[in-house]
Each structure stands twice: as C-alpha cells, then as structure tokens.
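First to last, the protein sequences are chains A, B and C.
Note that the first sequence covers residues 1 to 546 in my numbering.
Note that the second sequence covers residues 1001 to 1356 in my numbering.
Note that the third sequence covers residues 2001 to 2267 in my numbering.
Hints may be right or wrong, so weigh each one.
[Unchecked claim] Once the Cα atoms are required to be at most 16 Å apart in a straight line, the calculated EDC-like pairs of lysine to aspartate or glutamate come out as:
no., chain 1, residue 1, chain 2, residue 2
1, C, 2188, C, 2141
2, A, 232, B, 1130
3, C, 2265, B, 1044
4, C, 2188, C, 2206
5, A, 232, A, 137
6, A, 232, A, 351
7, A, 134, B, 1133
8, B, 1321, A, 317
9, C, 2265, B, 1037
10, A, 31, B, 1130
11, B, 1120, B, 1184
12, A, 26, A, 16
13, A, 440, A, 467
14, A, 26, A, 43
15, C, 2053, C, 2141
16, A, 509, A, 351
17, C, 2111, C, 2206
18, A, 134, A, 317
19, A, 440, A, 523
20, B, 1194, B, 1044
21, A, 502, A, 483
22, A, 358, B, 1345
23, A, 232, B, 1037
24, B, 1321, B, 1345
Derived from the structure by calculation, the hints contain no laboratory data.
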Amino acid sequence: MSAVVNGAGKLVSWVDDRVTTNNWLKRNIRKAFPDHWSFLLGEIALYSFIVILLSGVFLTLWFKPSMAHVMYDGAYAPLRDVGMSEAFASTLELSFEVRGGLLMRQIHHWGAIIFIAAMSVHMLRIFFTGAFRKPREITWVVGVLMLVLGITNGFTGYSLPDDLVSGTGMRIIEGGMLAIPVVGTYLSSFIFGGEFPGDDAIARLYVLHILLVPALLLALVTIHLILVWYQKHTNWGGAGTSNETTVGYPLFPVYTAKAGGFFFVVFGVIVLLAATIQILPIWLFGPYDASVVSAGTQPDWYVGFLDGALRIMPNWEFYIAGYPISLNVLVPAVLLPGIILTPLLLYPWLEQWVTGDKRDHHVLDRPRNQPVRTGIGVAFITFYLLLWIGGGNDFVATIFDVPVMWITRFMQVAIFVLPPLTYWATKRICLGLQRRDRDKVLHGSESGVIVVSPDGEFSEVHAPLAEVTAYRLTAHERQAPFELGPETDEYGIPAPRRRGDKLRSRLSKVYFADVVQKPTRDELEMAHHDGHGAAEPHGEIEAGRH
Amino acid sequence: MTISRDDKMSEYTTEATGTELERRRVGDPFPDPGFPESPARLTDTDPKAERRAERQVAGMFGLAAVLVIAFLVFYVIFPIAADEGGVDVGAVRDSNLALGLTLGGSLLLIGIGAIHWARKLMTSHQVIHERHELRSSGETRAATLADFELGAEESGFGRRKLIRNSMIGALLLLPLPAVILLRDLGPAPGGVKKRTIWDTGVRVLKDRSFEPIRPSDLQVGSLVIAMPESYLDLPDHGPVRQNERGKSSVFLIRMPPGEFRVDEGRENWHVDGILCYSKICTHVGCPITLYERDTHHMLCPCHQSTFNLAEGGEVIFGPAKRPLPQLPLAVDDEGYLIAQSDFVDPVGPSFWEMNT
Amino acid sequence: MTAISARRRHPLAAAVVLFVALLLFGGLYAAFAPESQADVQASTSTQIDEGRKLFAIGCSSCHGLNGEGQALDDGTVLGPSLVGVGAAAVDFQVGTGRMPAGPPGAQLPRKEVQYTDEEIEALAAFVASLAPGPEIPGAAEVDPERGNVARGGELFRTNCAQCHNATGQGGALSYGKYAPPLAGVEPKHIYEAMLTGPQAMPVFNDNTLDPEQKRDIIAFLKHIEDEPNPGGAGIGRIGPVSEGLWGWLIGIGSLIGAAVWLGAKRS
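The whole structure should be built from the sequences, with the hints applied where relevant.
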C-alpha cells in the first residue's frame, strides 16, 4: 500500500513542480459530495454520454456517410441486389459482417436513449427541488442547452443509416421547413443541396453528428461540471445542514469509489440492454425510398412529442396574396419547440421575479413546500406526455382497439384540459402533505394504538417525532407573498413600476397564499397544552407500546 | 460532529419595500439537533461480516475478470462469417448475446463491486465544509473596476471616437463572409418544386417492373403504384431518380363512373373511372397510399391525414389542408395509359412560392 | 355428519363447489347444445350441390340463396353480392374464419374457422359456379421456397408496407379499421387476399401484381417471420415506440434503482 502511495506521491510532485497542483488537490481531495440518489441522475447522463462517445468512435471506423447509390451484395441475403445508399449498406456491414458491430451499434443507440432520458429526469429533479435558483441559473441554462443538443444529435444520429423509418422523419422535417414563409424553400434547398432527398444530406448530418454537436456538448458539459464543482453541491435540508455549509462524503476515497463504480454500472446496464434487446433493426425496415412508407413510423421517443403535435394540429392554412401561411405545419414543427423552450430557459428568472427572492439558495426545496412550482412542473409533464402518446396514436389505436380518429380528437381537447387539472390536483396534494407534516409536528405521528379514557372517549395515541425528523419537517423557510408597498410615498410621489409590481403581487399570492406554514414555537407549545387526554407528548408512551 | 445552530432562533424583521422581500424567521419550533450519528455498519462491528463483504467484493472483481476473458474467447468461437447464401442471422444473434452478456456483465460487476466496497468496507464519515461566499469582496470588486477603468483610460478607446466607430464597423461586417460562403450549399429553389417530370404523352408505368398499363388491367378496387416513363430517362447515378420518387410518384385507382364527383374542367381527367393522384401527402410529404377500397379514403400513415378520393381528393380528417393533386389521364394510340400534362396543382407540402 | 359435511367450512370448500358446478353446467351444455352448422352433412354427391346446401344454411341469410346479396329497405347492405368474387375469396374469408361474420363492427376480424377443409372447398366451388372469378392458387404458386425474398421485400415495401408495416406487424386505418398483422398467415391466404382485396384492402389482380411477384411477396413474408432477431428480443419489431418504452422502464428504471442502492443508509 505504501508503495502505491509513494509512487503516486512522486508523480504528483513532478506535476506539482510545474503547475502547483497540490494547491488544488489540498482543497479538493476531501471535498464533500452528498450521495442521495436524486443527486446521481446527472451522473447517469454524464456516464452515458461517455459510453456514446466511445461506441461512436468504433462505428466511425466502418460507417460511410454517403448517399451514393449501390446495389447491395453483402452478407444479409434478403436485401441482396436491392438498391440502397452506401450509408445503409455500411450499416448493414457493421451489423452483419463485423463481430461486435451490431453490439456496438446497439450500445450507441441504447446509450443515446438513456442519455436523453437521464438528462430529462435530472432536469425535472432540478426543477422540482428548486436547484436552479441563485447562484445556479447559469448551470440551468447550460443544462437546457445540452438537452436540446442531445436531442439534435439523437435525431441526426438515427438518420445517418438512411433507413425507411428515419428517412421518413427527414422528409417530415423538410416538409416542416418548406412551410416557413419566405425562406422555407431556400432553407430546404441549402440543407439538402437541392431537392429532397438529394445526395448531400447524410454527409452534412454526419459532420454535425460526430464533430460540431459533440464538441459543443463537451464544452458545455465542462462548464456545467466546473460550475457544480465550484459552487458546491446543494443539500437536502435536515439535521446538521444549512445554507452556509455543505455535507457529504469525501471525494477520495468514498465518492471516487461510488461515482467510479456507478460509471461502470451505467456502462454495464447499457451493454446488457444492447446484448438482449434489439434496437433500430434497419434490415427489417429497408433502405429509404422517398416513395415508400411503413405504417407505424415514429421518431425516437425524445422527438415523439413533435410528431404528436403534428398529428393533432387542426388543418389551418390560409393565404395572404396567394402566399400560404400553413399554421397546420408551422405551429407544431416550428413554433412549439420555441413555446416549450423559452419558459423552460427563463423559469429561474420568472420565479425570482415573482417571489422577489434574490438570495443564494443551497438547500433544496421539498416539492410539497412549493405547491405551485410543483404543480406547474406536473402540468408541463402532462402536456408533454399527452403529445408523446399522440405521436403513437396508431399503436394506441390498435392495442386498445379504438379508432385512431378518436385518439386524435381526445388529444386535441386533453392538451388544454388535462394540464390545468393535474396542476390543480398536484397543488392540492402538496398542500395536503404540508398539512400532514404540520399535524405531525404539532401532535406527533399516528401510532395506531387506540386508548380509552375513563370517560369512555376513544383516541389515538400519537408518538412524538424524533428530533431529527421534526427538524427536517420544519427546516424549510416560511414564505409569504410579495407585499405591495403603499401607492405613494409620504410626499405623494407614486411608487415606480407600479403596474409591474401589482402583477407581481398577484402572482406571488398564487404561489404562496395557500401554503400551509410550518408551526411557530408558540403554536407548538399551545398544541402540547391542548393535547388530547391520552396524548403524552414527552415519550413516556414508549413504554406502553407493543 | 454535531453542530448547533442557534441562529434558527433569531429573528429577522421584514421590511416590506416595494421591490424586495425578506423572509420572516420568527420563532421556528425546533433547534437544529445537529448531524445525526450514523449507526455502525454490521461490517464495522462483526469481523465475520467484514470478511464476507471483502470476499464478496473480491469475488465480483474476480468474476468480472473471468467475464472479460470469456468475451475474448467468445469473439473467436462465435463466428459470423457468411457463406454464399448469406450470413446466418441466428449466428449473429448468438455472437451478439455472448459478447454483450460478458462485456456488460464484467462492467456491471466492477461497478457493483466498487460501490459495495464503498458502502460496506470503506471507512467513511460525512464531512462538513463551510461554503464560501461566491461573491467577491467589495474591495476586490472595487479594485477590479478601478483597474479596468485605468486600462480603458490608457487605451483612449472612449476618447478616440473615430477609432472606436471604425473598429466596430469592421468587426460587425466580419461575420458576413462566413454567411455568404454558405451560399453554394444548394441552388436557389427556383420553380423546381412546381414541376414534376410528368408531361403530355408520358406513359404511366407500374413501379418496380416499369411495364405500361392498359385500362383493362385495373378492376374496381385495384390500387397500382406507378411512375412516369420519363423516370427511366433520368441518370441512374446521382440523386435525381430518388428526388423524383419523392415528387412524381403516383397511384391509380378505379371506381365505377358515377360513384365519384367530377369537377368542372376535369371531366376527361379520368379514363373509365380510372383516376390518377399524386402519392405525396400535401401535409409534410410522406408517401401515402393507404387506400381503403370500400370508403375510397386515402389515409397517410404519418399523421393520419385522410383524403376522400371520390370527392376530388379533399381532406376529410387530419392536419393536411390541400386536396391531393390529380393527374389528368388519357389513353394513347396503343391503348396504354398516359398523362395529359404535368400536375396542375403543386405536389407535396405547401411552400411559399407555390402559387406565384 | 358425513365426511363432506364435516369439511363444509374448509377454506377450499368454496373453490371445490365452484369447480364442480362449472363442470356440471359445462357438461350439460356440451351434451345438449344445438349442433353447429358444420356437423350437418350434405346428402348429394357433387361438390357444388354440397356447397349450395352449406351456403343455404350458413350464408344465405346475409348473402341471399344465390349469392346475389341482401340489403335492407333503407339501403344498409347485410351482405354483398358474391357473384364473381370467385373461389379464392371464399377460401380466404371462410378459411381464416372471417366468415361467417360475427357481430358487426368497423371490420370483421379473423377468428376461429367454422368449417372443415372439405366444406370450404364445397362452398368455394358453389360460389365459383355463380360466375367466373379469381381461383384458388395451386401449391406451387404459393410456395415460399420458389420466391425471391429480396424482390419480394421491395415489392412489399412499395405496395403493402404503408398499411401492414414494413415487417407485416399491421397498422391502423380510419374509423376503427385496421390492416391485420401478417405473421402466421398461410401462404395460400396471403395470395388470395392480394387477389381478392377483402374488406378495405385494395385488389392486386394478376395484371397489377403478377403471380410471380405475389409469390416473391409471400417468400419475403415467410422469411421475415422466421428470421431470428440478431439484436436480442424483438420487442414487437415496431421500432422507436417500444424501444422508448423499454429504455425508460428497464434502462432508466434499473439505473435509478442502482442509484437508490448506492445512496441508501448503510446497514
């Protein structure tokens, strides 16, 4: 053991002589990292990204990003003498003539599925716990950008083999481009080098996919990690934690082992998926042909919401002086992503404006303590899920034996009706949970033991909470709506930005007026004195319990 | 390692100004009890449990090594070489499974082993660090600002307006070459989207086999996928053929005359009830041809736009707006189906210049 | 008290009683239920006569005694005319159990076949005798071994995939109709479906898809059906929808599970 330590010491010294590493190491080698599972979701994304990079390099050694037409004469007999692009043919070669080639393809694609899913779950966790608040707004923006880039790379990636399903997706994108007023046809002509499909698109997507977007992603993930490192991780509130400290396990050795181990777990799970579940069987779909389509064509899951929007949008198109304004395509394909992304990116500032809270926050919110934010998040998830299911409406139709038209009609109504409903229901649930927390603090938790008083009154015994639990339930801040100052000050000069402040006040009332506040010290003492006849607030009850 | 935090008992007053809110922290019910002592793990107190955990971790790492060797062996003993009949897909499946299970298993075991080691055996207590203020101190900020102002003053940037304006002008123009260099990515669209390779007298050929079609080949309820004869004149290298497949593809159907609406000016567009329509959906361009012969509906599988071919290809459901363009048919001297002209309506998705 | 009465409060008593009752009623029904139409034997010797008799009993209520079709006064068609549909149509519809039709719906599904092979032949002969129509293909015409799989794949993707999906998994049509999945369908029935265009399906007569092309399509379908999935479980072979579902359920699900284990309070 000491040999290892000595050797490492010598190496570090050599480097330190040149770049002062020990300064940094001294500060960071025992840096605290919390290990609650909800903090590991970003790691799943990071590790799956590394898996994608590694498997991707392997694939580039065989893949030919060319749309040149060839007659297939490779190993997969059912496609022999079928005309196809070189891209498709080289993907067949990878799958059927390279040992481990199919495995690598599947690792790459399953990795991408998990990468984007992990980013989405991580983003939701950040949202629901308020980890985007100051000082982490930059981290949030960088993260949303990475999600968008990840989706872009997923789309360009699965379009590279030029198979029937992804080619149909490209056609839909091209149709979406054409609908853009004034520049639509130019955009399409420049991207495809002429008419669709042309013979340039795959090579151009390839550059985006292996060079430009991964480079951007690497740069952004570096910024993201530096920010998380430097600002230190957030913590769940509870005994021993506060806004001024950070708690966790030391980087070396525990966190290194756990995080390092988790990398192998993520890698291992992705490889096991690739070993046992088939993904993107391009030989079954066949090569892309612009005059052929398969029933049940969908994009990968993370683009599904766009396809769903395209399916349920009513066919509104009108003309201005003969020029078409195709809302049926523009709204779902061009405007909807912006409509989703803009509030998503700006949310930290929106909430900051409503609450007026400009302080640093290093302690996470329990979702129940922010009923409106949690409700908004659930409403957004509902909206997204409905569009997603709408994208698979033909499968839903066949599986549940329902006419596909009904599903379209249902979705057209549901995306407006269901999100407000789920918002309301979530908010009510959060308030209910808050009320229960408050009751637990005031009266103790229900023990299930019923006692009878001498007068014949039945009551349930409440066991007092452990100190640690009681503190955890009350560690959060009290929140109150933004208070509007007086209309004019003492000189009669009207307060500035009045209208904005009025709106702000109204919105912050929505956020905080209903919140069930944690009890104060006085309320707690009153509760103890008012206790039920059989309640023993100081723990003697322990002896009587089974 | 407990921390007492008496500041929980302190009070902040609220000054409700019009632009800031400070939270009230009056009388929280409980003081911070401090960091709870984590209970000792079984492996900390029981040496047998400790040795068992150690064996488990070592066992996992050992098995991972075995699986890596197995991967190398399976790579060799599961071949996927193809014979003249093609590759045996079952052999590919076996290879994929063998390589994947060994590689994935070894990676997973290394990971689980490391985590198990950390959880059960590594000595670890939680540490607490103070957070440092992220904001620089007031003095630092002031000094930085002063240095910047000094530098700005020394450069004379603010004073020398001619230099400033001309530099900004040059720099603003600089990105423009980058934009214009992209001009040759593709040709200007021109009118290319308004034309297909259909023309007067061009024969309608069955797709794939490229045989000409007589009206008697179709019966009521038939569906024939077709391409123009001029397709065969296109070069078979390059993208032009595939581009036209995405634009000039058509299909033929047959209905009893009288069962479909005939629009004014289009009375001779059908041949004995044989109608020819564009195969490209007017929504975003998927090729359609889900033909329901009983209802005469043409359904697009992408977004479920439904066209009623008995009513001039009008949209009766779904996001498409424009009816499916119809190709006027005729019969040539030898009795084969031909087109009377190119499409009159734009084919495929709507685009800005389509009516001009 | 008898042994049975002594056990009347046994926990399994209810189950036993239920089981016995089901046996009893099932047996009584089987013994006394009216005979199915298929048991009725024709007494004359020629196939067409036999077919006519079967037709009269099982089909004429909707299709008319001479297959001329039946419609109600308001125009609702009970059963279309079968004059000219040919033996192939009968072999397909009755051979896949679609006919005799069950309760009306958006589409008549494939179900249990009600007639024996000889009876189907007889019915087909009778309907063929009404007027010339598509014939039942011979064994050589539908033999998948004689078809070209690659050509059949191209033809299938061009003509059929938009309804039936690129690998024949089936697809949704409008108003509750659907294109059924093609796995497990006999080569003969595939041929006949193409030839006769049942229900909403278009007709691909021999002038539009010649017999060799039809055989190629059959060869492709049978080959794809039997081909193993080299990547692992096929999960329906429908692409991104099921891949996304399993990726979330198994992929992210197990990884979050691993994360929970990683951070769990030590034991």
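Given the hinted pair residue 232/A and residue 1037/B, is their alpha-carbon gap at most 16 Å? Outside the cut-off at roughly 23 Å; violated.
Check your understanding: Within 16 Å, alpha carbon to alpha carbon, are residue 31/A and residue 1130/B?
Key -> Roughly 11 Å separates the two Cα atoms, so the pair holds.
16 Å limit on alpha-carbon distance, applied to hinted pair residue 440/A and residue 523/A: 13 Å, holds
Does residue 1120/B pair with residue 1184/B here, judged by a C-alpha cut-off of 16 Å? Distance of about 63 Å is beyond 16 Å: violated.
Discussion item. Check the hint pairing residue 2188/C with residue 2206/C against an upper bound of 16 Å on the C-alpha distance.
Written reply: 15 Å, holds
Check: Hey, residue 232/A versus residue 1130/B, does the alpha-carbon distance stay inside 16 Å?
Finding: 10 Å, holds
Check whether the Cα positions of residue 440/A and residue 467/A lie no farther apart than 16 Å. Measuring from Cα to Cα gives roughly 12 Å; hence the hint holds.
Checklist entry - If you draw a straight line from the CA of residue 1321/B to the CA of residue 317/A, is it 16 Å or shorter? => result The given pair, whose Cα atoms are some 6 Å apart, holds under the 16 Å limit.
query: Would the pair residue 134/A and residue 1133/B pass a check requiring their Cα atoms to be no farther apart than 16 Å?
result: The given pair, whose Cα atoms are some 13 Å apart, holds under the 16 Å limit.
Take the C-alpha atoms of residue 2265/C and residue 1044/B, compute the straight-line distance between them, and say whether it is at most 16 Å. 14 Å, holds
#### Entry: Pair hint outcome, residue 232/A versus residue 351/A [Cα-Cα no greater than 16 Å]
22 Å, violated
ask   = Can the restraint linking residue 2053/C and residue 2141/C be considered satisfied, given a maximum Cα separation of 16 Å?
value = 30 Å, violated
In this structure, the earlier hints numbered 6, 11, 14, 15, 17, 18, 20, 22 and 23 are contradicted, and the remaining ones agree with it.
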